[in-house]
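One letter stands for each residue in the lines below.
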Amino acid sequence: MNEMANSVTSINSQATGDNVLVVNNMKKYFSTKDKDCFVKAIDDISFTVRRNEVVGLVGESGSGKSTTAYSIMGMHSITSGEVIFKGQDISMLAIKRPKSLKREIQIVFQDPGTSLNPQRKIGEIISMPLRVHNIVPRSQTEKRARELLDLVGLPQDCYYKSPRSLGGGEKQLVAIARALTTNPSLMILDEPTSALDVSIQAKIITTLMELREQFDMSYLFITHDMSLMRNIADRIAIMYLGRIMEMAPTADFFEKPQHPYTKMLVSSIPVVLQEEEDLKPVQVESQGEIPSPVNVPPGCRFNTRCPEKFESCLVDEPQMVKVFPDHYVSCHMHDPRT
Amino acid sequence: MSKKNEKTANTSVASRSAVRWDNIKRNWYMFSRNKISVVGFVAVILIILVAIFQQYIAPYPEHSSAYTNFSAAKLSPNSQYWLGTDASGRDVLSRIIFSFRGALIMGVGVIMVAAPVGVIMGLLAGYYKGRIVSTIIMRVVDIFLSLPSLVLALAISAIFTPTLFHSMMAITVSWWAWYARLVYGAASSIRNEYYIQSAELIGASRKHIIFREILPNCWFTILTKMTLDMGIVILMGASLSFVGLGAQPPKPDLGTMISDGYKLLPDAWWLTIFPAAAIMLIVLSFNLLGDGIADMLNAKEV
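Chains as they are written, first to last, in the numbering used here: chain A, 190 to 527; chain B, 20 to 321.
Hints were generated in silico from the structure; no laboratory data involved.
Since the structure is predicted, the reported quantities are computational estimates derived from the model, not experimental observations.
Some hints could be false.
[Said to hold, decoys possible] As a list, the in silico DMTMM-like pairs of lysine to aspartate or glutamate whose alpha-carbon atoms are at most 25 Å apart: (1) 275/A with 219/B; (2) 288/A with 219/B; (3) 226/B with 293/A; (4) 332/A with 402/A; (5) 285/A with 212/B; (6) 285/A with 219/B; (7) 392/A with 346/A; (8) 44/B with 314/B; (9) 332/A with 313/A; (10) 445/A with 423/A; (11) 350/A with 219/B; (12) 498/A with 441/A; (13) 511/A with 207/A; (14) 350/A with 212/B; (15) 44/B with 313/A; (16) 310/A with 314/B; (17) 350/A with 41/B; (18) 350/A with 314/B; (19) 288/A with 278/A; (20) 310/A with 41/B; (21) 445/A with 466/A; (22) 226/B with 331/A; (23) 44/B with 346/A; (24) 511/A with 271/A; (25) 445/A with 414/A; (26) 93/B with 81/B; (27) 288/A with 212/B.
Use the sequences and the hints to build the structure in full.
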């Protein structure tokens, strides 16, 4: 226990003044009909997001990425642990958070088709947060909303259009513009491009990266697209069955992956040329499926699929340990205890 | 600089009205694809016009009140009295035309009170789904829905003196619950949409979320229900006045006319058939219009 606490502090202690978001031992269990059974969507995760940084949260479907995002936003109440935003505890539900906090954290949902009200005009959608938070005087809201349309690269005549007359990419840009209205310092992007055409994804990503420079924001970028993360993330965290398996700076992550799961994922990135294939650090065949979060395997939760497992893996839960500067891994092969 | 601003302001106004015009055109296109609903729409407009200009359209406006001319009593339809005359010699056509206003007032009056009350109740119950407020509202709604509305209306209007206003009140009391249930269903599913979550996360007030985010998405459903209800409420009003609990003679009323006329069946058939056909015409027109609006809504959702 003590050791765990140490490892946690070591993850989160670095440059505390620079940390925008700190998540400590966050757990989120959903109850099921059976009282003794829980869906362990998030099972003890800790990570930080620093100022002006893009943190990629990667994982398979069902690994708890979106639940993490929603829990940070306060859409779910967390089972235990804490979420700290700029030194302020925000572990409570969104409705209990002060209004000023709601300005600071914004989210862009996966499917822009459902995150924009079909019965409201784009102009109304973008000016609503401006009005709620009195960001600009009432007389200026339309002007500011139009500036925001410009910023994300949408034409001015969108202002009076309804979301259903826009394409998927344009809708997502509207959702981004809406998130920008309050000048947030942290933006959570929940797979913002996975519902879109490949051709539009690039435009959205470029816009997002430009805006980050301009507005001095941090991104928590949730995705399952590893090659996208390679291009834009500063650090990457891999989630598996509600837990972070490995967290490392992007270059480290792709060059010297430590966890067998990371190795598996990195070697499964599709590439075109044999030369690219040869550049991959390791070749591990992907096998098996992610188990149900209701019945988490005992010991290391990856043991059902791990090609390198040994006895401890079936019994003990490994702890997060630091293997390189800023590079943490949760695996018995690196755990000094074993 | 200021010139440039002026220019953008102008274009924005232009594009606002252009977008609005586009919407109207698109909705009309969706609506008019079904020719029968266009017929309903035109018929409803005509009925409203007849109700407004009744004095000018009716051939014998003075026959709308206590007028007697026994020399012309119970005449079958002829060139002078197109739809015949009743037992006191009044022109049936004129009396039907004069009864339209009462029927429309009945329908509009009931819906204008029942719909807002029911919609607000339904929105609150939908927004607070799973909480005690919602449970209380919906159980009260269940109680009102479990009473047959015609029987409830009969009971209420029998207590008070029978007038048009009281029968309207009676129908309203039993009618709002339908709106509450309809809107509850829509609102409680919309409540979980991401755009509502997003508005909550931004910090919008409950008032804003309920009336600006949820209500606009229920609007078309409500409108369809309102149009379809017009016919049913008018029918119910006619039923109440048929048993003598609606507008009182000598005021012309379709239900009263039928109840006066059926005693003279089958000889003076025109006294029953034509008012009944008029009720059918009104109800059918509003139903066709309502179906057209429903089609328009469904086409939009695709």
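Q: Find the hints from earlier in the document that the structure breaks and name them by number, from lowest to highest.
A: none
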